[in-house]
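Here the protein sequences come in this chain order: A and B.
Just so you know, we're using my numbering here: the first sequence kicks off at 131 and counts up by one.
Just so you know, we're using my numbering here: the second sequence kicks off at 150 and counts up by one.
Don't take every hint at face value.
[Said to hold, decoys possible] Straight-line alpha carbon distances no greater than 27 Å define the calculated DSSO-like cross-link-like pairs of lysine-lysine that follow:
id, chain 1, residue 1, chain 2, residue 2
1, A, Lys198, B, Lys249
2, A, Lys181, A, Lys192
3, A, Lys225, B, Lys177
[Unchecked claim] Per label pair, the in silico range of CB-to-CB distance:
id, chain 1, residue 1, chain 2, residue 2, range
4, B, Ile260, A, Asp172, 45 to 51 Å
5, B, Phe254, A, Glu154, 17 to 23 Å
6, B, Ile266, A, Lys198, 42 to 48 Å
7, A, Thr162, B, Arg250, 25 to 31 Å
8, B, Arg179, A, Pro141, 40 to 46 Å
9, B, Val223, A, Thr133, 51 to 57 Å
Don't read these hints as lab results, they were simulated from the structure.
Quantities reported herein were computed from a predicted structural model and do not represent experimental measurements.
All C-beta atoms, glycine included, are put in the ideal place defined by N, C-alpha and C.
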Amino acid sequence: MATLNETIHQPVRLRIMAALVTLEPTDEVDFTYLRDLLEVTDGNLGAHLRKLEEAGYIAINKVFVERKPHTYISATALGRQVFKEHVVALEAILKNK
Amino acid sequence: MAKNDHHLAVSPDEAEEALAAIQTIAQKTRQSLSSGGTYITLIVTGVVWLVGFTCTQFLSGQVVGYIWTGLSIVGGLTGAVMGLRMGKRVRSPLTTQTMKRVVLFWLFVVIYGATIIGITRPGDGKQAVLFVVLFIMLGQLAMGMLFSFSTVWWALPVSALALVGYFFLPGIFYLWMAILGGGGMIALGLYIRFRW
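With the hints as constraints, model all of the structure from the sequences given.
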């Protein structure tokens, strides 16, 4: 049976994961784009990304593009799996309403 | 690894709220990334066709050539700028690996198209336009089939519209292409942008 995930359930982290799993598994999204998409501050997003990275749900890739530092984020296979299970668990709660 | 709390208490209302938030952000992401390039391509190409074909219908000679050249440059530059902007938002190994092949493919489409037009020597401007439109739409379809771009199906109705105009409305063929081809692409682009 699918279980709820405490780390993912936090509203900002839930939206981060929702955005990342919408991408193709091989794609990674720019930090500033994710920040604008979620309408959060740099600090807030950074803190939640760290939590997700520590959990192994996302991968953070820091690179230089045209001599400027860029941070790219993607969901890991584990992150996709636990997010999927979390959604199933949420749907189960609604069904049993 | 973070802990999974199997006893996390979530009420049905909270679950509903969370699922709605997931759906909203997933839709927003799809709109801005997956279909972002498509709607811009459609609107830019639509404007180029609308202005270009309207001018072809009512103007003549060298002026039309200059207008098409200018429009093609503006359209190409806009597409390139938008492509670069999209590329900075999302990095995809697939895109990086295949980009050279995509460019080569379109180069071959242009070379083959120009060769066929050169050999067959179309009788009038309409035939040449139809050749070019069909070649571009064929290329667009090939892109969709090879790379699973979800929103390239518009190439089929545009091809069909071009054929209908060519065979049944030769007197207003260019105007037909401007309004239905160009206008249709703009309308579809706006639909994808605001309603997708």
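Hint check results:
no.: 1; hint: A:Lys198 with B:Lys249; verdict: holds (24 Å)
no.: 2; hint: A:Lys181 with A:Lys192; verdict: holds (17 Å)
no.: 3; hint: A:Lys225 with B:Lys177; verdict: holds (26 Å)
no.: 4; hint: B:Ile260 with A:Asp172: 45 to 51 Å; verdict: holds (48 Å)
no.: 5; hint: B:Phe254 with A:Glu154: 17 to 23 Å; verdict: holds (21 Å)
no.: 6; hint: B:Ile266 with A:Lys198: 42 to 48 Å; verdict: holds (44 Å)
no.: 7; hint: A:Thr162 with B:Arg250: 25 to 31 Å; verdict: holds (29 Å)
no.: 8; hint: B:Arg179 with A:Pro141: 40 to 46 Å; verdict: violated (20 Å)
no.: 9; hint: B:Val223 with A:Thr133: 51 to 57 Å; verdict: holds (54 Å)
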